[in-house]
Amino acid sequence: MKRRITFIQPPNAPFSPDQAVLTPDALSVTNLDAVREERLTVSYDELPDDIRTVIDQYQAVHIRWATEQSHKAPAPLASRISSGLHVFVSGEKRAEGEDALCPLLKRMFGEEVDCLSTEKSFIEPPILSKRFSSTADLYYYSVLSFATPLVDYIKDNICAKLPRWSDSSYDCIELASSLFADTFDISYDGISHVLTVSAVSSRAPGDGEWSQRVAKPEGNGNGGREGIDQVEVGLLTTEKAAEAEDIKMGGLLGVVGRDEKLKPTMFSFPSRHHALPDDATYLASFSHPKGLHPTMTLSLSPSALKEPPAPADATCALHTYLTLPSSIFGDKYQLSTTDPLFLQSHNLAALRAVFGETDLEAPDWAVDRWGSNWLLELATPENLDAVTSEWNVTIPLHLRYLPPSESGYRTIRVPWPVVFWACTAEGGTKMGINPFDRVNLGWEGLFGPRTMFYQVHPSDEDVYLYEKVTVPVLQLDEKEGLFRSKTIELGTVAVIVLGFLWVLLKLGLVSSSSGKKSKQGKTE
Amino acid sequence: MAVSIFTSPPLIITLSLALRVTLLIYGSWQDAVSPVKYTDIDYLVFTDAARYVSQGLSPYSRDTYRYTPLLAWLLVPTTWNVAGFSLFSFGKVLFAAADVVAGWLVAKCLRTHYGMDTGRAMKFACVWLLNPMVANISTRGSSEGLLGVLVAGVLWAALSRRVVVAGMLLGLGVHFKIYPFVYGVSILWWLGASTSSKDSDKDKGSNGKEKTIPQSITGFITPSRILLTLTALTTFLALNITMYTLYGNPFLQHTYLHHLTRIDHRHNFSPYSTLLYLASVDGGNGYGYRFESLAFIPQILLSVVVIPVVLAKRDLAGAMLAQTFAFVGFNKVCTSQYFLWYLIFLPFYLPNSSLLKKPQLGLLVAALWVIAQALWLHQGFRLEFLGISSFVPGLFLAGLFFYVVNCWILGILIQDAGGLSAQEQVAK
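Residue numbers (full-length UniProt numbering), protein chains in the order written: chain A, 1 to 524; chain F, 1 to 428.
You may find that some hints are simply not true.
What the hints assert, rightly or not - Derived DSS-like pairs: lysine-lysine, alpha-carbon spacing no greater than 27 Å straight-line:
(1) F:K37 <-> A:K290
(2) A:K216 <-> A:K155
(3) A:K486 <-> A:K468
(4) A:K332 <-> F:K358
(5) A:K72 <-> A:K120
(6) F:K332 <-> A:K486
Simulated from the structure, these hints should not be mistaken for lab results. These figures come from a predicted structure and were not determined experimentally.
Model the full structure from these sequences, guided by the hints.
See below:
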């Protein structure tokens with residue numbers, strides 16, 4: 001098991017050498033203003049049995065989660081996903097045994113994860129290129145607000161098995177708690193048989209500055225199943241790179257317990273994901289009144305509309321990628337139109353991809369799959385200077401019928417989509433080794449492997465990265481209300497029967513009358 | 001009534017054509033300049049399906065295509081470009097033309113079989129021909145216009161004793177939209193009344209004695225009834241077997257089975273709407289007695305059995321109107337396009353109706369129908385566009401009220417078609 005901790009400071013952030021002190025036993029950081037990435041690399045043998053049983057069934061498993069709280073994501077950790085839990089699996093081996101993934105997800109993330117089985121609840125993203133493997137075969141999403149269930153799961157199932165009050169137990173709890181982050185990724189690759197867990201937090205809990213003691217590994221060389229073999233630390237900051245596609249980083253690196261002091265370093269690498277300037281933002285909202293056909297509005301700041309500083313030969317387009325739970329959906333026929341008037345009126349350019357549950361009629365209770373994903377290319381103004389305030393993109397959506405409730409309403413949560421520029425160059429840069437690369441996010445696999453992405457930041461005007469939509473439903477108060485299911489049932493039947501009898505009565509009157517004369521041929 | 005210039009057939013036909021041409025041109029203009037389209041969404045479904053068919057694919061490759069492949073075939077020209085000019089609107093022209101032919105058939109029947117003079121016949125045919133709702137629906141590209149001409153054709157063929165033609169059109173109509181099967185029963189019953197005028201008296205028995213059951217059955221089986229049944233069934237089956245051979249299960253599933261298995265949980269004019277919402281949740285588990293599964297009983301009993309038996313021999317068109325009215329009013333799902341189904345019969349019904357003879361009654365009927373619609377639409381708007389939970393009591397009561405109004409109107413239709421109202425008048 002290897003641990004890597006990286007603190008990434010904003011460019012020009014103050015740093016004095018006494019903020020990071022390396023001793024033979026530990027590294028201590030104090031009051032560091034940085035984004036922290038905790039990364040743990042675990043070999044297959046070190047995994048708990050129930051996790052092994054599940055990942056044995058697949059070639060690759062990626063579980064990702066992002067918080068619903070607004071947070072920063074600077075380079076080189078700029079890529080974003082919609083808030084919630086995302087599960088990608090590839091190369092399903094339909095061997096023996098029943099589907100173990102959904103039960104494991106429920107154990108790890110709680111009953112909020114409404115997953116029936118991979119067959120029923122997962123959707124199949126389109127595979128654009130067989131060679132490029134960053135598209136999963138099956139994908140599942142769930143609105144999951146907190147990482148707490150996972151942290152509890154690790155504490156109860158992994159940390160609790162370690163000797164109590166030991167350093168390894170303490171490390172385990174500390175590592176588990178690092179999952180209270182902005183985003184975490186758990187990735188298993190069946191070829192290298194390695195599971196990596198990485199958690200990124202843009203600010204420390206409390207005052208936002210990191211003060212932490214990272215001890216040298218206890219389990220050094222004991223070859224046991226648990227315990228950490230190596231702890232790597234890095235204190236880095238991004239600098240201006242020579243090439244547009246590169247990210248250059250400089251700072252200090254060291255291995256705790258091995259190195260005597262932190263070594264200065266400077267390196268650069270081509271990066272798939274880049275961050276746009278801080279003022280390139282978007283805000284997602286639903287226009288009022290929402291009704292059964294709510295319209296999602298994305299308000300983009302003028303800076304978000306500027307073409308990113310991609311290599312000169314690249315073609316760039318602004319995109320949004322929607323993750324819609326099954327209760328809300330788009331009409332793929334409406335959105336895939338090429339009618340310029342419709343597209344212009346919404347500031348859309350084209351629907352590039354859609355997959356998942358797109359049934360236009362089914363109510364939510366008749367739908368098993370979790371929902372749908374939509375990749376839309378957005379229109380940008382022809383004359384940028386003319387845009388002084390914001391640029392609004394609107395996406396017409398529809399609600400499914402939801403089960404009755406006592407109040408007559410139900411609230412659904414729709415995560416904000418991600419918004420980014422995708423730039424493709426003819427030759428393109430081969431994405432080489434990037435210690436912070438992130439693939440298999442759902443949306444990036446819909447582009448070629450050499451595409452570069454420039455993330456537009458969610459506006460921090462809003463604290464939460466999701467919108468609540470109130471769905472009107474049948475109001476049923478079975479205890480006190482006038483309208484219970486019985487009232488509706490008996491009321492309908494009574495009225496239908498009375499109407500039916502009335503019509504029969506009229507027919508009876510006609511039948512019993514002697515007026516048999518056919519009106520056919522009767523003249524006026 | 002003399003043929004006035006205002007009711008001369010060429011003028012009315014020209015006017016009705018002009019109305020449709022104007023709407024077609026206006027529609028193309030609105031489609032070209034506004035993001036809100038004049039063209040009906042269904043038309044895009046039809047034309048998409050026609051494109052699939054033209055590429056040798058199944059029309060059911062298009063989601064929500066729930067019609068016979070005949071429709072997609074008919075619209076294949078919409079995928080053509082002739083001399084750089086797209087024939088996309090071909091279908092709308094076809095539907096609008098079908099409308100006018102339907103209206104012309106109505107006028108023909110009124111003249112030939114209702115003994116009206118040309119002017120009066122044209123005047124009542126205008127209820128269909130110059131009806132803006134009819135012209136609007138077909139020029140927006142809804143296929144209901146095709147159904148109008150089929151149903152008018154069935155009535156015309158029956159009244160002019162073209163039994164084979166009536167059977168074929170009926171078979172085609174049922175293949176197209178299922179519901180016209182109810183007319184088969186009326187025509188069968190009516191054919192008995194007409195083959196010999198004594199038939200109807202025979203039912204009671206010639207000596208006032210009731211006939212025995214075998215006698216009734218053998219009496220009921222007449223050559224024209226057999227002919228109608230056979231031609232209708234043959235047409236219907238031949239079409240279905242052909243389509244099934246070509247397109248297999250998707251054809252059966254989307255054209256017919258879908259209508260049996262659909263849940264119709266969405267709000268609509270049907271009195272069952274709220275109950276169906278309730279019942280479809282969770283497969284209806286835990287919700288009561290499942291009355292909705294019996295909903296077909298009053299609907300089928302009225303529109304297939306009682307109305308034809310009581311009314312068909314007295315007034316075929318009147319019976320067909322009452323059947324359609326009952327079928328729509330008692331249906332588990334009801335949308336505004338269904339209203340077009342009975343509109344085609346109004347020109348036959350109105351001339352002798354108590355609605356025209358007693359204008360106050362006519363106005364009251366019209367007002368109540370409109371009020372019931374308005375009440376429902378208001379609740380529907382609150383739900384659909386304002387997001388207010390108006391299922392209960394709003395939509396629930398509005399749906400039931402609309403049903404009650406429909407039953408009351410149906411009662412009047414039945415009285416009129418059965419000649420009761422006429423007798424009342426005579427008695428006065």
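Verification of the hints:
no.	hint	verdict
1	F:K37 <-> A:K290	holds, 21 Å
2	A:K216 <-> A:K155	holds, 21 Å
3	A:K486 <-> A:K468	violated, 31 Å
4	A:K332 <-> F:K358	violated, 52 Å
5	A:K72 <-> A:K120	violated, 35 Å
6	F:K332 <-> A:K486	holds, 19 Å
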